[in-house]
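Student: Got two chains here, separate frames each, mind docking them using the hints?
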Amino acid sequence: MLGRTLQEVSAALKQGQITPTELCQKCLSLIKKTKFLNAYITVSEEVALKQAEESEKRYKNGQSLGDLDGIPVAVKDNFSTSGIETTCASNMLKGYIPPYNATVVQKLLDQGALLMGKTNLDEFAMGSGSTDGIFGPVKNPWSYSKQYREKRKQNPHSKNEDSDWLITGGSSGGSAAAVSAFTCYAALGSDTGGSTRNPAAHCGLVGFKPSYGLVSRHGLIPLVNSMDVPGILTRCVDDAAIVLGALAGPDPKDSTTVHDPINKPFMLPSLADVSKLCIGIPKEYLIPELSSEVRSLWSKAADLFKSEGAKVLEVSLPHTSYSIVCYHVLCTSEVASNMARFDGLQYGHRCDINVSTEAMYAATRREGFNDVVRGRILSGNFFLLKENYENYFVKAQKVRRLIANDFVNAFNSGVDVLLTPTTLSEAVPYLEFIKEDNRTRSAQDDIFTQAVNMAGLPAVSIPVALSNQGLPIGLQFIGRAFCDQQLLTVAKWFEKQVQFPVIQLQELMDDCSAVLENEKSASVSLKQ
Amino acid sequence: MAAPMLRWVGRGRRWTFARVDGGSCHRREAPTGSTSNRIRGRSSVAQQPLYTTQKPRKGEHKWAAVVGLEIHAQISSNSKLFSGSQVRFSAPPNSLVSFFDASLPGTLPVLNRRCVEAAVMTGLALNCHINKKSLFDRKHYFYADLPAGYQITQQRLPIAVNGSLTYGVCAGKKQSQVIPKTVRIKQIQLEQDSGKSLHDDLRSQTLIDLNRAGVGLLEVVLEPDLSCGEEAATAVRELQLILQALGTSQANMAEGQLRVDANISVHHPGEPLGVRTEVKNLNSIRFLAKAIDYEIQRQINELENGGEILNETRSFHYQLGCTMSMRDKEGKQDYRFMPEPNLPPLVLYDATSLPAGADPQQVINIDQIRETLPELPSVTRERLVQQYGMLLEHSFTLLNEVGLLEFFQNVMKETRAEPKKVTSWVLNTFLGYLKQQNLAVSESPVTPSALAELLDMLDSRTISSAAAKQVFEELWKREGKTPGQIVSEKQLELMEDRGALEQLCHSMMEAHPQVVMDLKKGNPRAIRRVR
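Those protein sequence lines, which keep their order, are chains A and B.
Residue numbering for the first sequence follows the UniProt record's numbering, starting at 1 and increasing by one per position.
Residue numbering for the second sequence follows the UniProt record's numbering, starting at 1 and increasing by one per position.
Bound conformation, chain B alone (with noise of 0.2 angstroms):
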């Protein structure tokens, strides 16, 4: 879609110039090689820290990845960081931007309040140290989606540091056992989003949609602590659960609400440690996971046939899996990084250092917002395990999936079945339907009342398991009919008569004599011939 340009001075030029590198990664050269070999090579490479060649040779050094992350968070919040446009995904082209975002000559960024307690919120829930002064800066480069020519940043004192993030790496024969780890984190920085820019290759022409310019960012930086895709995916899965928690960040990867960046180099163990390259465009979790594992093996080719690392920027093309140089022309970028003089340093408060008599509106108080952080994923996770008896593995599940806790603390409020019952029921049968159909939690056609009266029937043995399933599936099939008359429509109800229960035995037992005898030679088996 072609969008309005955005002119303040009507004389009719067209919104139109050449394009700007860096966009498409199709037109630039591959690596050396075989892409598709090192996609193959690739494929080991997940659960193992430790990394070696394809063709193992006498004495070889096995080698370690090192891998960092920088997470950009969009930061959910009515107006932009420093202005007063609104912030919302996929408005037309061109209709959220204010003077300042469009860097109208004498306008002056205002720090939005929102913006600062997201991230005194985010930073307290990773554990982080929360500067009580923290600073803003310009980071100056040229870019057509860029209108003031830099970007508003913390570069020399951010808002919070030295945190840490505790996530899960599943292991085990099964992938059923949960190995906490831990990943530092540097610093979290407040800085404005750019805008876009949209190419079009047909006519040669870039578009510059503004509506994103200036929105808030917490920028997450890990240290380099992960060593593999899987680390990293995980890791990036926790953080996403924390920031949707706290209601900081929707942190939803396919609208651009959170954008990972990774830098990664290899090692030999015991060694300095190797180059290493940046890969950007990376916009879904497993995305994240592959390029990571592709790029690790890709510096181990490299080296191993002695070839050499560039400190370089890369992106990720998710349709050849693989990451290619972007190189800029221009080689290294020098930001020129300067205090931004229009903002004075932001001072932050707690408790003891208030002042008497402060203006509650002019104020951010760190100790008033730690009381009201909501409960975090660790802890629901920890709260489900002491509260339903159900294992941790299941607990990450249940998170995982976006609104399937939420639906099976609904179904818990409403049946009478164990926990442990309602945990197989919904991890099981429930996940395992959407995922067949590719649905979300709030697609599902079985709703958490359905699925606890269903559970209830199951419970007092009015119906058997495998009559349930029967009637789950029914259920899906979105007729309108509740599961109490799915039951009686098709008679699944267990038969308590005991009279007629016997009677039915006997004549079972006359109808196949043979079936009889094997039983009485003790195959019990034999049983199943019985239908």
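The following block holds chain A by itself, in its conformation from the complex (with noise of 0.2 angstroms):
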């Protein structure tokens, strides 16, 4: 029962083959089990198991409330949730309870999800490894798997297995990890310039970011308002329609959510037919740092869509590669601004120090934050200064509406769908990722993800196929912005034609064999 998707446990409880309360039970039992992937910062037990009886008196009454009632979800911890604690995996929030949810935590909460608890992420979402949290870092669940310690056995170089574990991406590492582990069935993470798609794709889950403004931000603690979108992290394409379709819509409490209506529910057709299609690869994307799997994968899947009779196009972004230079300074100057908040006054952590009002301040921020946030908080300031504004925000702002107007030329010239890569390569061992320092790490990951951040466009990760290791690797769709409907069921047919395999954890989940019972046949048609 715990490996199958949200569709399918959701139709299981809808037939009473398993009752929310066993459900969660389950879960609950797997994340005691699975705790040192470091996944969840908090475990909401009791919150969950108290949901759970909500729903099971729901369904006995025959008052379900649709297709995520009973269904198990975990959220990344800078999402606002009322009376357990949010972190933000950040000493300056150790300890803080809010007072309110978040809008997407609460409308999962109304359509009868179970919250399971709270995931961890790099701190303040600053990273890409989720290596970077005060919580320590997460473990990627394919570290674990049968298919990655399988390949692993074959090569007579690999080291000792437990100081080899890999790292999940991120900084939604947490929320990838959990709903990897079958711990859960849907996660929320946030993208501001990857952050969901890049642990997605290192986990072999579906992470989808939605265009800009379709879903509420309000309860999301910021890293870039301009570019901070929810995002949602599942099994399949299908999952992450559902989940879209409980977030997606205008909220008052947040201005810059668009009231256009957007088709609801998110229902997705099956397509039985490409052609009509025009897919368009980006030239800029194909750089030397790009692993030849991974490549060699991209092209593969542009064939796929070519043999079945899609239009592919080679297209041009060529304002991509100031991306991450660009990212970099607009996302320090609002990283600056956000963080001035956390002053030790109102809430947080607050030092000992009182001798004045600046010693106190500068002495709890000095505590509250790791390396990297006050490095962020630097530059951004520096950036920000009155000499320096013109020089660097307004230019920088400037690259970004040019970075934009790629895409919208893309799109006009008749693309329907951008298909890239990812990320560079599968995921990698924490003490290779270690090696260099969180800013590199960043630059180097975001750099398929992050422009679409700057656009403002919906974009999905699909897990494609195993590597020669053993470890998932993912592809990007990027769509027109609003169309995110168009963009996900192009995404679904792909899904179906490519058949990624289940990660197989039963040596670690020794006695909950219920998750091979979904297991299929590693039948991947790309599979190299």
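No lab work stands behind these hints: they were computed from the structure.
Take the hints with a grain of salt, since some may be wrong.
[To be verified] Here are the simulated lysine-lysine pairs, BS3-like style, with alpha carbons at most 30 angstroms apart: (1) A:K435 <-> A:K496; (2) A:K395 <-> B:K139; (3) A:K57 <-> A:K26; (4) A:K283 <-> A:K398; (5) B:K132 <-> A:K395; (6) A:K395 <-> B:K421; (7) B:K421 <-> A:K398; (8) A:K386 <-> B:K139; (9) B:K174 <-> B:K421; (10) A:K94 <-> B:K196; (11) A:K94 <-> B:K139; (12) A:K398 <-> B:K139; (13) A:K496 <-> A:K311; (14) A:K398 <-> B:K196; (15) B:K186 <-> A:K395; (16) A:K26 <-> A:K146; (17) B:K196 <-> B:K186; (18) B:K186 <-> A:K386; (19) A:K496 <-> A:K14; (20) B:K133 <-> A:K386; (21) B:K435 <-> B:K181; (22) A:K398 <-> B:K186; (23) A:K57 <-> A:K33; (24) A:K33 <-> A:K14; (25) A:K386 <-> B:K280; (26) B:K196 <-> A:K386; (27) B:K421 <-> A:K386.
[As the list claims (entries may be wrong)] Among chain B residues calculated to face chain A with C-beta under 10 angstroms, some are: (28) L111; (29) I208; (30) L343.
Heads up, the beta-carbon is just placed ideally off N, CA and C, and yes, glycines get one too.
Tutor: Dropping the structure here:
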């Protein structure tokens, strides 16, 4: 049961094959077993069990709230949750219990979902590995999969297994690990430069970043307000569409949500025919750093579309290469501004120093933030200084416009969706990852995902195949603004073609044999 | 009063930290030189745009002062600029604070329609160009009563620009002549108010009240077209009347609903402008005039004595009547302005640009607001002059006292007396009594009806002018009697029986033969001896 998709388990709940409480307890026990993954910062066991009880009553009375009723979900720990500690994996917010729910959290609860807990991340979502939070790094469940371990046994050079675990990617690595390890059926991440799509690709999941303005940011503790979007992590595209259906829509508490009605619910048709589609392949995304495996899968995917009758075009996004440096200026500037509120007065950490207000501010912020956050605050304030503003911030905004226009031009040339890699390669071991600092890693890892946030477009990472090492590789589809449904429809067709294998965690969950019942033969059409 | 702490996380920490700098000026250095001299030196400058030094020397230049004002008016609205919390003066500390006002992480601003309408109204009343598109920015600084670490304001593109404010300055021998003057308005911008810091020096702690945090403000920026304290005071008074007539702000300075900062410099006419200082903490119109005149004279003295004016912020100490530097330790502040990413551009419409089928709840139509503008003070004055034939300066006085115009109009409604008579009684007798006892119009013991009745009796010659004054004095005692009752009780009616009057005259003449003689000799003043 745990290995099923959200859609499948939802059907099982409706048919009474399992009750919400049973499902909740199974997930809770798996959360305990997989504690070493460090996916969760807070497990809200009592809350979840109580919600399950209520859901059970509704099912008994035939008053189910819909597809999400009784479904265990997890939420990244940078979404405000009423009465549940919300830390952003930072000392600054350790012990902070918000008095309100983020709109997206409230919407999930209103649909009857069970909140299993708050998931781990990089401090204030600043990172691409989920390694830089105060609660420690998140371990990629694929490190413990049969697929990966078997490949490693074949490799005579493989070192000690326990110290050689892999990162999840990030910053929503906790959410990705939680879904990937079957502890819940969907999780909320946030996506500012790829923070949902990147860990999705590394953990073999669907990672969806909706159009900016489609889903409310109210209650999402901001990284970059003008780029942040709540993201969705699920095991398949249909599941992502179900969650999106619950979350999308205008929110009076977020003035940047759009009012134009978008077709709801997000039911995805099964495309029988892609011959009317035009797939764009941005030539600038073919860079030397791209691993040969990913490049090969990317071109095979393009070939697949072509062979099924779709038009595949090479397109140019000439300003994409400036995206990372431009993002650096805009992101740090907004970070400097957004972090100004953490002064130890109203909430969160406060130091013991009280010789003066300024000294108290300084010590509080020094103790509360890690090096990465402090570094970004410092750069951001530099860029916003009167003498620098024109040269950095304004310039970066202009470049941002050019990047966004690149996409508009590509779509205007007749392209329906763009197909790109999500990451340069598969997940790397933690010890490998930390050889470079957070800034270098973020710049490398966001390279294919970041420009999308600049333009506010919808994008989704779809797991495609396992690498030679037995690790997942994802490809990214990018759609027109507010054409989220079309994007997911194409992604769904593609997902069906590639038949990505289910993660085999039987050693990990020895007595959770239910996981295996859904195991499909690893018949990957794109397998190398 | 100690404010309850605002804490969302229940850990037992005291709401206390060291005092915030900048709150008190009495600890700071006074300007060099004797303060009292400066105060004395200031007395003559009020009406004189050109200044001379105290010790005139040969061939010396005259000084001219340049004064610009930044006025913050709290918008009169039910809720705050970006949150749903109520706006109320003197509510218990921290009782009107939403999650957004306390800047809880993840909260977002939502613009209050009423505040936008108030800004448009005020802009129109001040002859401004209303920008169809305006933007919000963040202005950053750390301060304990600014929970987000930044204020949302309109730095780049404000809602209204390029207006003007016409006000009247009294001149002439008796200050009875009104000279119209105009000050240009640079811009009007919407912005958030901050909270309040209450410094407890004894326990060396600061208490924060966030009730005011996030209340909508209109910042009205005047061009430096003013030249002395009186002009500034009169211009601000006129603005206050306009805001009150519009209902966009209660503009009560004592309650902090209208706050003024003044930028002041002096120079020799024909030469470049001098270095300016900014004077803050001006919380009454009287102190505004005093502070500006003090600062002008201080700058002149400083420059005359070979000193130099620093570009600095000063605060007015109303007890000492002087301005004092409130220099920041860190020197120049860089506010690191940045566009507010959570608020889309504010787009306004007029009749021509309004999209067809637009939801009236979602759009603001400038033309529609223009139609609903109430009568502005200048128009009211003109109407008073036209309708009642009163002098312009009288119309100024009528509007300047809160409630006086309404009182006057209520008397007019009920009396047959000439408008001139009514004006004279209201402005001289009635206002005189109020001033003498320091009462507001609303506290007056004499009602408009009573005064109307009294004036009717005077008009119909039932009583004499002298008797009327006597009746008024009786009315002021609040004994609940009508003028009619007082007149009949005190037998103050004029006699109308010709025979009786004749008889009275004869007996008077008989009783005062000397007076009659003197009168016949041509000395009319002799009659005064008859009582």
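Student: Is A:K57 close enough to A:K33, meaning Cα to Cα at most 30 angstroms?
Tutor: The given pair, whose Cα atoms are some 28 angstroms apart, holds under the 30 angstroms limit.
Student: Please work out if B:K421 and A:K386 have their alpha carbons no farther apart than 30 angstroms.
Tutor: 62 angstroms, violated
Student: Is the Cα-Cα distance between A:K386 and B:K139 30 angstroms or less?
Tutor: 12 angstroms, holds
Student: Check whether the Cα positions of A:K94 and B:K196 lie no farther apart than 30 angstroms.
Tutor: Given pair A:K94, B:K196 holds - Cα atoms ~28 angstroms apart, limit 30 angstroms.
Student: Run the distance test for B:K186 versus A:K386: straight-line Cα separation, threshold 30 angstroms.
Tutor: It holds: about 22 angstroms lies between the C-alpha atoms, which stays within 30 angstroms.
Student: Is the straight-line distance between the alpha-carbon of A:K26 and that of A:K146 30 angstroms or less?
Tutor: Holds, at about 22 angstroms.
Student: Hinted pair, alpha-carbon criterion (30 angstroms max): A:K395, B:K139. Please report holds or violated.
Tutor: 20 angstroms, holds
Student: For the pair supplied as a hint, B:K132 and A:K395, confirm whether the alpha-carbon distance does not exceed 30 angstroms.
Tutor: 25 angstroms, holds
Student: Does the alpha-carbon distance linking B:K186 and A:K395 stay inside the 30 angstroms limit?
Tutor: 28 angstroms, holds
Student: Going straight from one Cα to the other, do A:K398 and B:K186 come out at no more than 30 angstroms?
Tutor: Given that 30 angstroms is the threshold and the Cα spacing comes to 29 angstroms, the pair holds.
Student: Do the numbers back the hint for B:L343, that is, is its least Cβ distance to chain A under 10 angstroms?
Tutor: With a closest approach of 6 angstroms, the B:L343 hint holds.
Student: Check the hint pairing B:K174 with B:K421 against an upper bound of 30 angstroms on the C-alpha distance.
Tutor: Distance of about 21 angstroms is within 30 angstroms: holds.
Going down the numbered hints, you'll see the structure goes against 1, 6, 7, 14, 27, while the others check out.
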